[in-house]
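**Q** Read off the chains here:
Protein chains: 2
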Amino acid sequence: MNLNKLELINFRNYDKQIINFSTNINLFYGGNSSGKTNIIEAIYYISTVKSFRCSEDIFLLKNDCDFFQISADITYENNINKKYCIEYNKINNKKNLKIDEKKIYRFNELIGKIPLVLFSPEHILLIKNEPQLRRKYIDNILINTDIEYYNLYNKFIKIVYQRNSILKLIKENKLNKKNIEVLNIQLKDLSIKIIEHRKKIIDNLNKIINLKLVEDDRKIELKYCIKKFDKINNDNLEIYFQDFFEKYIENEIVRCATLIGPHRDDIEIYLNDKLLKYYGSEGQQRLSCIILKLAEGLYIKEKLNVYPIVLLDDFTSELDETNKIFISKIFGNFKQIIITTTSKENIKNIRVDKCFFVENGRINDNEQDK
Amino acid sequence: MNLNKLELINFRNYDKQIINFSTNINLFYGGNSSGKTNIIEAIYYISTVKSFRCSEDIFLLKNDCDFFQISADITYENNINKKYCIEYNKINNKKNLKIDEKKIYRFNELIGKIPLVLFSPEHILLIKNEPQLRRKYIDNILINTDIEYYNLYNKFIKIVYQRNSILKLIKENKLNKKNIEVLNIQLKDLSIKIIEHRKKIIDNLNKIINLKLVEDDRKIELKYCIKKFDKINNDNLEIYFQDFFEKYIENEIVRCATLIGPHRDDIEIYLNDKLLKYYGSEGQQRLSCIILKLAEGLYIKEKLNVYPIVLLDDFTSELDETNKIFISKIFGNFKQIIITTTSKENIKNIRVDKCFFVENGRINDNEQDK
Chain A
16 MNLNKLELIN FRNYDKQIIN FSTNINLFYG GNSSGKTNII EAIYYISTVK SFRCSEDIFL
76 LKNDCDFFQI SADITYENNI NKKYCIEYNK INNKKNLKID EKKIYRFNEL IGKIPLVLFS
136 PEHILLIKNE PQLRRKYIDN ILINTDIEYY NLYNKFIKIV YQRNSILKLI KENKLNKKNI
196 EVLNIQLKDL SIKIIEHRKK IIDNLNKIIN LKLVEDDRKI ELKYCIKKFD KINNDNLEIY
256 FQDFFEKYIE NEIVRCATLI GPHRDDIEIY LNDKLLKYYG SEGQQRLSCI ILKLAEGLYI
316 KEKLNVYPIV LLDDFTSELD ETNKIFISKI FGNFKQIIIT TTSKENIKNI RVDKCFFVEN
376 GRINDNEQDK
Chain B
16 MNLNKLELIN FRNYDKQIIN FSTNINLFYG GNSSGKTNII EAIYYISTVK SFRCSEDIFL
76 LKNDCDFFQI SADITYENNI NKKYCIEYNK INNKKNLKID EKKIYRFNEL IGKIPLVLFS
136 PEHILLIKNE PQLRRKYIDN ILINTDIEYY NLYNKFIKIV YQRNSILKLI KENKLNKKNI
196 EVLNIQLKDL SIKIIEHRKK IIDNLNKIIN LKLVEDDRKI ELKYCIKKFD KINNDNLEIY
256 FQDFFEKYIE NEIVRCATLI GPHRDDIEIY LNDKLLKYYG SEGQQRLSCI ILKLAEGLYI
316 KEKLNVYPIV LLDDFTSELD ETNKIFISKI FGNFKQIIIT TTSKENIKNI RVDKCFFVEN
376 GRINDNEQDK
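These protein sequences, in sequence, are chains A and B.
In this text, residue positions in the first sequence follow this note's numbering: the first is 16, and each later residue adds one.
In this text, residue positions in the second sequence follow this note's numbering: the first is 16, and each later residue adds one.
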């Protein structure tokens, strides 16, 4: 898949901007606040109908403008062209989506049409932070590549929600413990299926990382951790869940919360058999995080048979030359890549196919200049 | 204040290392995972008796070692020398502290003895994240420079805790609403005092930032935001608190939580009158965050009449040349500064007094080599 052209109107610090991309490695360079990340954000927005930097569309508007528009020309592997366009209007706080000039009323028709992987500096929290972001990393890949998981996951979320409401009613003496038994069975069955899916993709990602991406003596490994409440030495999840419900139901009633299930699990990340979160240096954490993101890209490629666009916002920061080159070698696994950096010097040892100089919301396409 | 010498034994990736610092700008440079941040961490540890990267001391041990030791030689403004030494032992999971070879049994005797300010890459969350970190930024400066605030704050935390317990007992019908009235008055009085202290230091920081640190057309401004629950247009906090308790007591009882007070407030950060969190670029957020940290340093200097050590871990990442030079000009306000970076090229336009090349847990003092 290839993003040929991106057009922005009133988006962030851009008035009106047309960008023609190379099918390979594109570099956007320029000073702080020139507008580099805004390009990445616009591509992410047209793929997912949201920003990764803020939750409200109004912040994406250029000063005092009433609307913004993002359009993208895409060519797929089978040579079919598609034109996507999203417009946001401040006055009615609404978005309009068009595919090939035709108005589309359901946004989820766009989801999955422009697959991409994004690394932005704050993704380092994937390593540093609490389990939530790591679960999201795994779930997002699964949701975008496996419709069965998508349905399973939505069902699971609904059951947890229902179960918590029942726990609350039991606490208030409006229901008795018998009423939760059916939900317990559903929760257990769905949990086990979700855990199986997650373990399978983790196996896949481990293989992609250590057989395809990392060829030196580094070993990066993801491990699925089921949150266990006691030392019952039992790997049979069926029995573990059953025991859990019996033992902890009072605790769950007091807290009106479902304390067991994949919404509480973690994915631990190891570098050379040491927990990266505690033992890794800033550079190791950053490098590993970029590798996880690139592994996500290769997984999408294998599953959907489409090369996702790779967006790397300021990936060179905090990396030394050896590691920059290490990452750039992995680029060979992909087609279209879009990177940003403050200065061309930061990527002097990395091959780039097209350079764009960004200054104050204006983009100068170096290739055309020459 | 000046850190003359730091000695490490079995700390992170260091076996045994002695570092003699310059009284001005010290640079540690070297590849990823060479051990640069470990030096910053060791200095932070001897000042605060904890790490800023992990919560458990055991992670700070070099592979399979049973103990680590950090020693620091400090000279104060009045030419008095002090030697501090902390040893952690894995076997009994205990720390020993010595000042001038004399064993000290209360760790808080060390607090404030080695004032410092630290910027590390994850401090960017101060700008990006929820209010908690911004409150902590302000409270930490106050706690370390104002004993009155320290006492006030501890008292406040205790009252909130007590009040939440009483709310719980009211919910369980073990007490009635009358029982909370005394605590309401205490909470109100303490809250107002804390808010006044915070507003005053925010005024001070704004002056330091915009009169002393930022001399160009940028304007960085902190604003204190009291979390209000309705649009009662009343700036009289006495009355606002009273109205709140009357109106929201049922809500507080249901949630067993004190919903008003400085533990819920925020400090908004503006760049040129726009909210930095939503409108700022990555570079602007990072730059502003470093400036906030340096303002903290100048405030400490004004209050305690001691130059704090300035620790900047990888501050050049994501900054363009103009902004790097901008920050380095601010360095003139301080004495001892310790910075790290992956390559000397990143700071080619910044004056450095002593360079240390770091490789695999070994430090090569360039000045001695020449």
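Some hints here could point you the wrong way.
The list cannot tell twin chains apart, which means a pair is met if one copy fits it or any two copies do.
[Claimed, not checked] Keeping only pairs whose Cα atoms sit at most 27 Å apart, straight-line, the calculated DSSO-like set for lysine-lysine is:
no., residue 1, residue 2
1, Lys-289, Lys-109
2, Lys-344, Lys-316
3, Lys-308, Lys-143
4, Lys-242, Lys-186
5, Lys-186, Lys-203
6, Lys-292, Lys-77
7, Lys-359, Lys-344
8, Lys-189, Lys-208
9, Lys-118, Lys-339
10, Lys-289, Lys-77
11, Lys-339, Lys-359
12, Lys-77, Lys-105
13, Lys-238, Lys-77
14, Lys-308, Lys-234
15, Lys-113, Lys-97
16, Lys-110, Lys-289
17, Lys-292, Lys-151
18, Lys-292, Lys-143
19, Lys-289, Lys-105
20, Lys-316, Lys-339
21, Lys-105, Lys-350
22, Lys-289, Lys-151
23, Lys-97, Lys-31
Read the hints as simulated data drawn from the structure, not as lab findings.
**Q** From the Cα coordinates, with 27 Å as the cut-off, is the pair Lys-359 and Lys-344 best called within, between, both, or neither?
**A** This pair counts as both: shortest intra-copy Cα distance 18 Å, inter-copy 24 Å.
**Q** Have a look at Lys-186 and Lys-203 and pick one of within, between, both or neither, based on CA distance no larger than 27 Å.
**A** Answer is within; shortest intra-copy Cα gap is 22 Å, inter-copy 33 Å.
**Q** My question is about Lys-110 and Lys-289: at a cut-off of 27 Å on alpha-carbon distance, are they close within one copy, between copies, both, or neither?
**A** Between copies, since 24 Å is at most 27 Å while 46 Å is not.
**Q** What label fits Lys-77 with Lys-105 when the C-alpha limit is 27 Å: within, between, both, or neither?
**A** Close inside one copy (11 Å), not across copies (56 Å); limit 27 Å.
**Q** Cα distance capped at 27 Å. Does Lys-97 pair with Lys-31 within a copy, between copies, both, or neither?
**A** Within. Shortest intra-copy distance 21 Å satisfies the 27 Å Cα cut-off; inter-copy 62 Å does not.
**Q** Under a CA distance limit of 27 Å, which applies to Lys-189 and Lys-208: within one copy, between copies, both, or neither?
**A** Result: close neither inside a copy nor across copies, 32 Å intra and 45 Å inter.
**Q** Check Lys-113 against Lys-97 for me: Cα-Cα at most 27 Å, and say if that holds within a copy, between copies, both or neither.
**A** The answer is within: 10 Å in one copy meets 27 Å, while 70 Å across copies does not.
**Q** Give the relationship of Lys-289 and Lys-77 under a CA distance limit of 27 Å: within one copy only, between copies only, both, or neither.
**A** Between copies only: 13 Å across chains, 46 Å inside a chain, cut-off 27 Å.
**Q** Using 27 Å as the alpha carbon limit, work out where Lys-344 and Lys-316 are close: within a copy, between copies, both or neither.
**A** within (18 Å within a copy, 48 Å between copies)
**Q** Is it within, between, both or neither when you check Lys-238 against Lys-77 at 27 Å Cα-Cα?
**A** Between copies, since 24 Å is at most 27 Å while 44 Å is not.
**Q** At most 27 Å between alpha carbons: which applies to Lys-292 and Lys-151, within, between, both or neither?
**A** both (17 Å within a copy, 23 Å between copies)
**Q** My question is about Lys-292 and Lys-77: at a cut-off of 27 Å on alpha-carbon distance, are they close within one copy, between copies, both, or neither?
**A** between (38 Å within a copy, 16 Å between copies)
In summary, the numbered hints that this structure violates are 8, 9 and 21.
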